[in-house]
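Mind docking chain B with the ligand on chain A? Use the hints.
Residue numbers (the working numbering), protein chains in the order written: chain A, 1 to 185; chain B, 186 to 596.
Keep in mind the hints are simulated off the structure, nothing from the lab. Keep in mind the model is a prediction, meaning the values are calculated, not measured. Everything hinted at is true.
Here chain A is said to cover these stretches of chain B; the calculated rule only asks that three of the stretch's residues, wherever they fall, bring their Cβ under 8 angstroms from a Cβ of chain A:
| no. | stretch |
| --- | --- |
| 1 | 356-364 |
| 2 | 369-377 |
| 3 | 398-411 |
Virtual Cβ for every residue (Gly too), placed ideally from N, Cα, C.
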Amino acid sequence: MQRLPGIGPKSAQRLALHLLKRPDAEVEALAKALLEAKQQVGTCQVCFHLSAEPVCEICRNPNRDRLTICVVADSRDVIALEKTREYRGRYHVLGGTISPMDGIGPDMLTVQPLIQRVQREGTREVILAIGPSVEGETTALYLSQLLKPFTRVTRIAFGLPVGGDLEYADEVTLARALEGRREMA
Amino acid sequence: MVSGGLIAGPIAVLGLVGLVMYLRRLHLRQFRNYGDRVIAFDAPKTILVGDNAQGKSNVLEAVELLATLQSHRTSRDGDLIQEGAAIATVQGQIERQSSGSMDLELILRRGGRRTVALNGQGLRRQADGLGTLNAVLFSCLDLELVRGGPERRRAWLDGLLLQLEPLYSHILGQYNRVLRQRNALLRQQVRGDRRGVTEPESTDDHAAELALWDAQLAIAAARVVRRRARALALLAPRAAAWHRDIGGGTETLDITYVPNGAIAPDLLEGNEGDRAIAVQQAYLSAIREKATAERHQGTSLVGPHRDDIDLRVNGVPARQFGSQGQQRTLVLALKLAELTTLEELLGEPPLLLLDDVLAELDLKRQDRLLGAIAERFQTLVTATHLGAFDGRWLDGARILTVRRGQIDATG
Ligand SMILES: [Zn+2]
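So that you can see chain B by itself, here it is in the shape it has in the complex:
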């Protein structure tokens, strides 16, 4: 072990040949509980071992941030910055077959805007950093995909879309902005109604202004919803196949996108340009139908911010279906589908981040997971102890011990 931060190790070791997307090195500064630490990844599998709250999941979170610019643990940058520090940086050296070696850096500021730099050059928009590194994270929180509310499933699908088409970050951002503006206007109108503002002129003005935002919402909503449905259509058959494979072929998984409002699901199929217009029209009429309710509640009741993804096993909603083990099978199938969808569409296998989940998977499921990874995916694993999972995970793996923000190479 080296105290200055660098974990020395034989670079270019076994198995690296053949990996076409590779995170070679991660440099964390004032990130979570790391002061200044460089972690070199010199094997296809890296296992980070340590007790809880020592910092092993923080490493995976840092990789997740580089890939998606999001953390599944927090939405506040302040949480990611070491106590007492003003700035945290996460820097990764990434090698890809398509674009060679790249240096991606995320700079987080307490109470300020984050910035992203690629090869030392600051990017004008953070989202331009998306697509440099791709990763799929699987953590125990993912059980919420089955058990939790629709927002969990939307966030998951949005996360996949961000990696498939980085422009989606802009599309979703625009939708959320329109939504906030429209909700602000609806709230103002509710307040106006309560004050008894009923002069015809002001009501007309309000209606005209709201109509503007209705139009913007319909356009932005159509963009979001068509992309979500398209991504899910790619993912669903893969997830069903994995589910059959893991579950032994006795259960059938059906995944469908459920748009709220009067949007017919079949309207979301197909790619023709006129479909976009049809979806916009459908949103406009759904908005008209809900006008009274919206005026009452002062919030937008139509749009993809209220959609859900329906997961059914043998026709039964997954939330009500079966044991925890069966739900784990479903989540594993979803994650493997995410991994293989990204691999196929990007042409390069993404990183797989397994955060404390191996111990929760039985040997059969671990075996399927190992089979799926098959040396193709660079994999980062966290665990509290090595005995908790199939010994084959250790084959060709680099084991790092994590203790209070210190990382030691073992063996």
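Chain A with its partners taken away, still in its complex shape:
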């Protein structure tokens, strides 16, 4: 349990003790549900967000603006941004940020599919909502260079904690950041 993100030794112990006290059937059902979820959830073919279907709910939603794409590093960022209810476009999940130290080069992110998508869909605006870490800045710079010939590229950064992750920014901050996005130089 301790290997799970956000679970320290104390929480792990508490969870383990709780599970030990529950009936076998209940624990079995939980284990089965976890396994099924893992097997069923893949990524959306269009935007690479987590999805049980080949195309995710957001991409299928006809009420969402098809000409705006918000690019994030991770599916967790989609979830955080969705909570703000500020954004009505669609997303593109990169699957990380460029980080040579971790052996992650641009070719390991969903960059090529993004460029193809922008050309295919005639996207009007790409919003880069990548955290302002060194790796995030570098990834944003890279994407803006590649996307500039095809579409307008903006970046949200205002009010975000410097060096922080999107995940930790509160909803108000994120909503404000979306309104205050700026054109990439």
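Only chain B with the ligand this time, still in chain A's reference frame:
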């Protein structure tokens, strides 16, 4: 002496009035050789006396940590935690004219991240704790400022900057991160070259990826280097004045920031916004010039991680200049300049921590130091015995005896 840890003493004693930044109380838990100890500072000068390795320097180190979040003795938090313990805490009660009474706590974890709390509230970033307490530490290791390599001098200047503008911690952290990423990429390319990967496509990709990090390095480097040059420009005339004062006016001290690569020093002067762009451009062309060498060595050869601070006395590099005594004069001048620069820019006098240095200073230099402090700075002194220095240090001082992690008030 009180066994539970608290050193009782008449609070509000002589001389405290007039001090505008004051560390009133320090609480150490499982820190170095202290189990659980509260030290109250109730005089402008506190002298910690004891044999070596009894724990007196650990007290100064704890104060240094609260002020800078760094220790000059170690970079590993594990070294600061008592053997067998998992967590150490250093807590200080600080009074400042500008912000009243504050409680700053640093929590160190073995194999974990440290955290900082201000007035009982955990701070999201450690660096937010910077600026709560300011201190200048002077120890025998500081002779390395003159004799040691450039990294010593950079660390010293960076330490001053952290206190002058806490945001610098973020700026320097970003630069170091960019540097590590860029070096990782250069190493990968060296490995690729050795494997004989020469397909044009992959070489192009590599070049494009490296160009990204070149740009990031230039931006981060310009931020670091301009701040360092600015801080040094503030400090240099003060250091030269102190040096003249201590040395009797016969020697001239010149301090200059020496950026590596093709960065012209005069580019670092001035504050206009376009200067930042010019410095970035200079870094980019310096990087281009070194491209072949970098590809060969697999490491970044341009940037403030290779800069130095040039110390010259009468035009001669200080490292080669004169006796140990003359080098001590120079270090003392640097430290006094640090103290007075901080005082002037922050508007409040920082703490002065003198770690085993008094005995090494002759009476004339001690006299200058005493004159400079002049009751304005709260001063913590460590020494192996009281007879080793000018008796005037004892005036109005609280003397604490340190023995194997026990602290007793004497007299
Ligand atoms: Zn989708």
